[in-house]
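One-letter residues, chain by chain:
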Amino acid sequence: MRPRTLAEQILSHAAGREVSAGELVVVEPDVVMAHDSLTPSIVEIMRTELGVEHVFDPSRVALVIDHVAPAATTGTANAQNLVRRFAAEEGIRLFDVGRGICHQVLVEEGLARPGRLVVGSDSHSTSYGAVAAFGTGMGSTDVALALATGRTWLRVPETIRVHVTGRFRPGVDAKDLALKIGRELTISGANYCAVEYHGLEWLDLPGRQTLASMAVEVGAKAGIVPPSGEVAERFDVPEWLSVDAEAPASRDVVVDLDDLDPQVALPHAVDRVVDLRHVAGTPVDVVFLGTCTNGRYEDLRAAASLLRGRRVATGVRLLVTPASSRELQRAMADGTAASLVEAGAILGPPGCGPCMGRHMGTLGDGDVCLSTGNRNFRGRMGSPEARIYLASPRVAAATALTGRITHPQEVVS
Amino acid sequence: MTSRIWKFGDDVDTDQIVPGRYAPYMRPGEDVGQFAFVEARPDFASDARPGDVIVAGRNFGCGSSREYAVDALRRRRVGAIVARGFARIFFRNAVNLGVPLFVSDEIPAAVEDGAAVALDLERGALTSGDAVYRLPPMPDFVADIVHAGGIVAYVRAHGRFPGVSDGVLK
Numbered sequence: 001m002r003p004r005t006l007a008e009q010i011l012s013h014a015a016g017r018e019v020s021a022g023e024l025v026v027v028e029p030d031v032v033m034a035h036d037s038l039t040p041s042i043v044e045i046m047r048t049e050l051g052v053e054h055v056f057d058p059s060r061v062a063l064v065i066d067h068v069a070p071a072a073t074t075g076t077a078n079a080q081n082l083v084r085r086f087a088a089e090e091g092i093r094l095f096d097v098g099r100g101i102c103h104q105v106l107v108e109e110g111l112a113r114p115g116r117l118v119v120g121s122d123s124h125s126t127s128y129g130a131v132a133a134f135g136t137g138m139g140s141t142d143v144a145l146a147l148a149t150g151r152t153w154l155r156v157p158e159t160i161r162v163h164v165t166g167r168f169r170p171g172v173d174a175k176d177l178a179l180k181i182g183r184e185l186t187i188s189g190a191n192y193c194a195v196e197y198h199g200l201e202w203l204d205l206p207g208r209q210t211l212a213s214m215a216v217e218v219g220a221k222a223g224i225v226p227p228s229g230e231v232a233e234r235f236d237v238p239e240w241l242s243v244d245a246e247a248p249a250s251r252d253v254v255v256d257l258d259d260l261d262p263q264v265a266l267p268h269a270v271d272r273v274v275d276l277r278h279v280a281g282t283p284v285d286v287v288f289l290g291t292c293t294n295g296r297y298e299d300l301r302a303a304a305s306l307l308r309g310r311r312v313a314t315g316v317r318l319l320v321t322p323a324s325s326r327e328l329q330r331a332m333a334d335g336t337a338a339s340l341v342e343a344g345a346i347l348g349p350p351g352c353g354p355c356m357g358r359h360m361g362t363l364g365d366g367d368v369c370l371s372t373g374n375r376n377f378r379g380r381m382g383s384p385e386a387r388i389y390l391a392s393p394r395v396a397a398a399t400a401l402t403g404r405i406t407h408p409q410e411v412v413s
Numbered sequence: 001m002t003s004r005i006w007k008f009g010d011d012v013d014t015d016q017i018v019p020g021r022y023a024p025y026m027r028p029g030e031d032v033g034q035f036a037f038v039e040a041r042p043d044f045a046s047d048a049r050p051g052d053v054i055v056a057g058r059n060f061g062c063g064s065s066r067e068y069a070v071d072a073l074r075r076r077r078v079g080a081i082v083a084r085g086f087a088r089i090f091f092r093n094a095v096n097l098g099v100p101l102f103v104s105d106e107i108p109a110a111v112e113d114g115a116a117v118a119l120d121l122e123r124g125a126l127t128s129g130d131a132v133y134r135l136p137p138m139p140d141f142v143a144d145i146v147h148a149g150g151i152v153a154y155v156r157a158h159g160r161f162p163g164v165s166d167g168v169l170k
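Sequence lines, in order, name chains Z and L. Per this note's numbering: the first sequence = residues 1 to 413. Per this note's numbering: the second sequence = residues 1 to 170.
The following block holds chain L by itself, in its conformation from the complex (with noise of 0.2 Å):
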């Protein structure tokens, strides 16, 4: 099967991400991954597959903080998602759980929800349709925590933040 694109528009919340009644504080044991956008979108909790695509308008995940609307996307293993602008807290949160986001104008304008999507992270490229879009290439801070897988496992595996000298964990 392949994997398609699942479109939104600009200020999605972490409430319809994931309401705060399905936060695993509230629902101890069970997989967050399901309650991704369940009552905002429920086609999405049912359906999404891993490998689609998030793509969105404006101020994406704007909110709350809470890290479990990202862990929800992870788990349904998204592939990237491409908005036209995130919000600050989301976009630490996707950086930090090594969820690959792209800003771009041109993807949001021109795909179609629903249609199927290629996505090569390497190169760089999204497909769909008959065109090839270019993702724009992430900052290099971000670039190394997102390749790390997060920035618990850059952190391990460094013992600093990325882009600073001095060492943070003894």
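Chain Z extracted, bound-state conformation (with noise of 0.2 Å):
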């Protein structure tokens, strides 16, 4: 048997038989994810265009209202109102408004985890990856497919590896990691590709989703981190699932840590990054930490760490959003969230918050916002005449106090 990458590994699995990159194969997710922004015409295209009554198994099966939680209309409202009627009618979980985004709540439930097939109605999906999954987004049709015969199809991709070295520089996280990634690889660099990403055994699993959460933006159909470090002490690991170094990478991609500075997204592409030195000084109106890329406790930690005991600047709106309900919590169990507060942080409700510019925070014309998200299309947050910068929570706690584009290490104390 040759040597195998872990998505041709993961693949084989849910196929039930060896599989190699380049080969179309029907396969079987472990699990099926749609949130309320696609669940409606999800439940239509199944019930009405497949004429399939029922899910193939509920047990399979998870429902999250995330992309506008709580509702902000009339419409939206309506629609959540029919994902929970189908969620009871079909015994499947529902994971409701406040629960938090579709991509961290199956970690925290331990629904994606090591070696399982995650598909889900949402192109971050390919945030599964951080717990050794292969998660990838699909369409409508494809979802509703999925639920309706517990199967889809997919062609095994070809795996690019990034091989990291070294250790993060005080200021320095994951989000710049992936910025980086996204600077080399390029918006298509990845596309129908799985991506792998080694000598990672020491980043914890925030580190490891804001990553995997990334591999999209690179064009990626999976983005994978070996299991190991915290994520092997964490969760069951099948004995089927390890690394094997000769299996075949398409590329080879090697990121130095000890070089790296904070990166930012310019503008109105996620590979636009450059060192933020370039854009120290800009200024900003709105701030914004959250999303399935940096809403986590430890992401809302390194900010207050920055922010606690002083202000943000004056015309500077700070929005937060929590990834989910436990990482609010988390904050507000050692005075994080306090701080935040305290600081001018505006706090909302866990789920995705103003990333796709629907509510909670749509950005208006001449709107310039640096967020810890994962896109900044033109028009993503709001307004076509809006300005998106991404960047780390870091960058986002001294941006918050600056009123400009800032290196964290500026307003360290």
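Going by beta-carbon spacing under 8 Å, a handful of chain Z positions derived as facing chain L:
(1) T76
(2) S121
(3) S140
(4) W153
(5) N191
(6) G357
(7) R375
(8) P384
Just so you know, the hints here were simulated from the structure itself, not pulled from any lab data. For each residue, glycine too, the CB sits at the ideal point set by N, CA and C.
Using the hints, build the complex out of the two chains.
Pasting the structure below:
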């Protein structure tokens, strides 16, 4: 048996036979996830177009209300009630308003775990790679078919290996690494491929989630961090899942953390990344700390370490939306949330928040936002005349303090 | 009226094709087709006609998995999308909804925005200006789905996904 990449191993398990990069295969997802934004269309396709009344196995389905949570309009409220009815009728686990973002919740609930194939109605489903699952996003029809049949089809991807050396310097974290990878691979550099991240046995789970959430931003089908370190300690790892150094990679990329400064993605592309010093001093109107990429307790704590006892700059709105109710409670338990609020943060309910420009901080014409999210396409968060910069939680906190894009080490007291 | 070409560059993302604010979830009961490129290219939203052809650069459709980005183009009855490359989720969604897609370096380099175009999918030809360009044949898997009218139609007709022998519909 020839050496296999992690993607090949997981898809082989899901296909019930050995599969190789380049093959078109039918696979059985371990979990199918849908969120409030698309579940109504998915139900319609499944029941009305496919003529299938019930999901294949409710125990392998998860529904999450996170995209517009709580509902912003009568329309979204009615759609969410449809999701609730569907969940109840089918006996599907529903994670309702306030529980948090789908990608965070599925990891917390152990639905995403090492070796699983998780299909989600959201492109950032690559996030599940943080726990060495193969997580991939699909559209409504694909998800409806998966719910109806318990199967989907995939082309087994080639793998690009990212080899990371060194450790984060002060003020630098996994978000900077993710942006750097985007800079190296570009927005389409991993199209149709899986990305494997190596040299990160020491990286904690939140950092892995940040990385894996951004795999889709280089076009990847999946972004997998090998089961090691904290993940191997906290989760059961199937004996058939392990890195084989002999497995072929279509490309190898090396990133040295010893040389890594804070990174910023410029409007309006996620791979338009520069060292922060090139945009230091840019005035901002809004700072957004949150999303599946950077809404965890560790991200809030990093920001609070800079904001504690200080105040957000006049004229800056600091929006904070935790990735889940658990992360919010962790932040409340040790004063992290209090520090942020006392500094002037506007604390929102766990969920996607303003990330997609639908509610809770939509941007207007000319607004400049420094966001810890994963996308800055023109019009993403509101007006197409707004400008979005992407950066880490520490950069977000430093920027909120000064009102201009700022290196975190400049505000460390 | 003849059909025309709508030409775009590289990395056209799904927030351009249909911004999230215009999703069916946010605007129930409204035809999402009217919102195709509504902010990124308003003249497309107002003037695109059935049969028009989108020609684009690399990585067309990158970003979100939102199928309504494809659905908007399908509702506008875009004749085909010819691009130097497609982002993977958009590609899947378009195939699933039966929208003809073609990967070509030649056509995006040669044709002009606004030019008249004639599409002959049977013969695999696109005519614009004085030239006839070959549309590369779709892979069998893709062709089977598109010719059936989309994956739902295929699966209903055959009881399985294309290219595999075991049935999936009960």
